[in-house]
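Asker: Protein sequence lines, in the order shown, are assigned to chains A and B.
Residues in the first sequence are numbered from 634 upward in steps of one, following the numbering used here.
Residues in the second sequence are numbered from 7 upward in steps of one, following the numbering used here.
Calculated from the structure, these hints are not laboratory results.
Straight-line C-alpha distance at most 27 Å; calculated DSSO-like pairs for lysine-lysine:
(1) B:Lys8 to B:Lys132
(2) B:Lys44 to B:Lys8
(3) B:Lys44 to A:Lys728
(4) B:Lys44 to B:Lys132
(5) A:Lys728 to B:Lys8
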Amino acid sequence: MIDEEGQARPAVTRRHVLGTGGAVTGTLLMAGLPRAATAAAPVQSDTEASDTSAPGALVDVTLNINGHPIPLRLDPRTTLLDALREHVALTGTKKGCDHGQCGACTVLLDGRRIDSCLTLAVMHDGQSITTIEGLTEGDALHPMQAAFVQHDGFQCGYCTSGQICSAVGMLAESQAGMPSYVTEDLSVPHPALTDAEIRERMSGNICRCAAYPNIVAAIKQAGGVGA
Amino acid sequence: MKAFTYQCASSAAQAAAVSAQPNTRIIAGGTNLLDLMKLEIETPVHLVDINRLDLARIEDTRDGGLRIGAMVRNSDLAADSRVRERYGVLSRALLAGASAQLRNKATTGGNLLQRTRCSYFYDITKPCNKRMPGSGCAALAGLNRMNAVLGGSDQCIAANPSDMSVAMRVLDARVETVDAAGKSRVIPIADFHRLPGTTPQIDTNLRPGELITAVTLPPPPPGRQIYRKIRDRASYAFALVSVAAVVDAVGSRIRSARIACGGLAPKPWRVAQAEAALTGASADTSSFDAATTAFLEGARGYGGNDFKIPLARRSISAVLTQITRT
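Work out the full structure, taking the sequences as your base and the hints as a guide.
Answerer: In structure tokens:
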């Protein structure tokens with residue numbers, strides 16, 4: 634693998650990491666962290682940024698990924714998605730449409746779900762990013778991951794990491810009382826999470842295999858909704 | 007994406023000053039700009055990031071309205087208890103737009119500047135006067151199902167895609183800006199977006215080097231508020247027609263009415279004569295017909311979008327029926 638400065642660095646693949654387990658990047662990949670840690674406030678970075686360099690000049694940025702501060706030197710064009718996949722070798726986050734239409738690239742930014750394809754990594758210096766790899770606690774699956782497995786909330790699996798990250802963010806939004814387009818009474822502080830609410834709130838995640846009924850069931854279980 | 011340099015703004019005035027330089031763009035949520043940059047429809051050489059500026063507060067104003075910072079995210083604005091209680095039409099419009107992930111990023115100021123989704127604006131192999139002035143308009147005789155039936159010109163029939171702006175229009179919002187000298191200006195939402203005329207490449211009346219800092223809402227108008235969006239699927243799609251209405255009725259008598267529509271024109275569309283036709287009128291089919299006729303005065307289809315005219319007529323009537331139901 635060649636980085637932007639033309640220097641070779643060890644190729645770290647997911648398979649390699651999973652096989653060796655204890656490698657530094659492996660620790661990053663497999664690291665679980667308390668989900669509360671992802672809600673940390675953004676660090677106010679020095680705003681004296683490099684605006685004098687030539688287009689394409691590399692910019693230093695530190696992303697707090699799954700609880701680990703990761704310093705990176707990036708072309709400003711690098712999306713958060715490409716930074717995660719191509720520079721940090723966290724390939725759990727998927728590139729689907731790359732235009733904010735499919736949700737496969739959903740990650741949590743300071744605990745809130747976003748499409749990582751439509752933001753630049755350099756815009757998030759010091760902020761916390763949680764990817765699908767960061768949802769696990771040690772070897773234990775996150776309850777949302779376990780529920781997707783139990784309810785068969787996927788077929789091909791390509792959209793799944795985005796679906797799961799989105800669902801985790803969605804439950805937090807619901808618990809914070811945020812309404813949706815199908816909320817009948819906006820004055821209700823905490824609208825109930827009905828099937829219709831879940832479907833509307835998850836409409837930014839497309840599943841080509843149409844596993845939607847099982848995705849809804851998984852989310853209801855993980856969210857403790859219904860019986 | 008073309009290469010560019012990047013800086014974080016240190017103040018709103020500084021961002022405004024830098025944005026006046028050639029080929030420089032402000033980046034806020036980035037959900038529209040980065041999409042366009044990937045397609046090389048937007049090719050800035052310099053980006054000014056305003057995400058670290060203190061522009062994300064929602065504050066009560068002395069007259070009983072709200073001042074919404076330009077960087078308030080669409081999701082936060084929709085969820086704000088004051089907006090939910092007093093400006094339901096705005097909350098509903100915001101929640102009708104995009105997806106939750108995008109609303110968590112998209113900002114109030116950015117939404118006002120959202121560019122058209124006309125398929126020819128997006129297709130860099132086709133003529134488009136908005137993207138490349140003087141190249142022609144492929145939509146006039148092309149696939150124009152999503153395009154405007156009101157307010158277009160022989161050079162451009164692009165529709166404004168925003169839901170939020172339609173609610174802002176019906177609420178008489180005011181756009182606050184700052185320039186490079188730190189001088190502020192207030193632009194009524196009615197005057198913010200432009201019709202294409204002979205300069206379809208210019209979407210708004212913002213001047214070069216002018217930055218949106220806030221949007222101010224006057225106290226909520228009396229009456230019920232509704233936002234109804236008609237689209238090709240139930241969620242996460244742009245409007246074919248959307249209707250924002252605020253109507254104050256006592257029994258079957260309408261005291262005041264405001265109607266704005268999205269999906270129909272290059273800007274949120276509102277017609278004083280349509281509202282006049284309802285003021286003091288009885289809430290019935292004849293007054294609704296008079297209002298919709300006045301609203302759609304001058305509408306014309308271009309083939310693929312002919313359906314929008316009867317769809318708008320029926321949608322406005324349906325909303326008026328619902329909002330005046332006792």
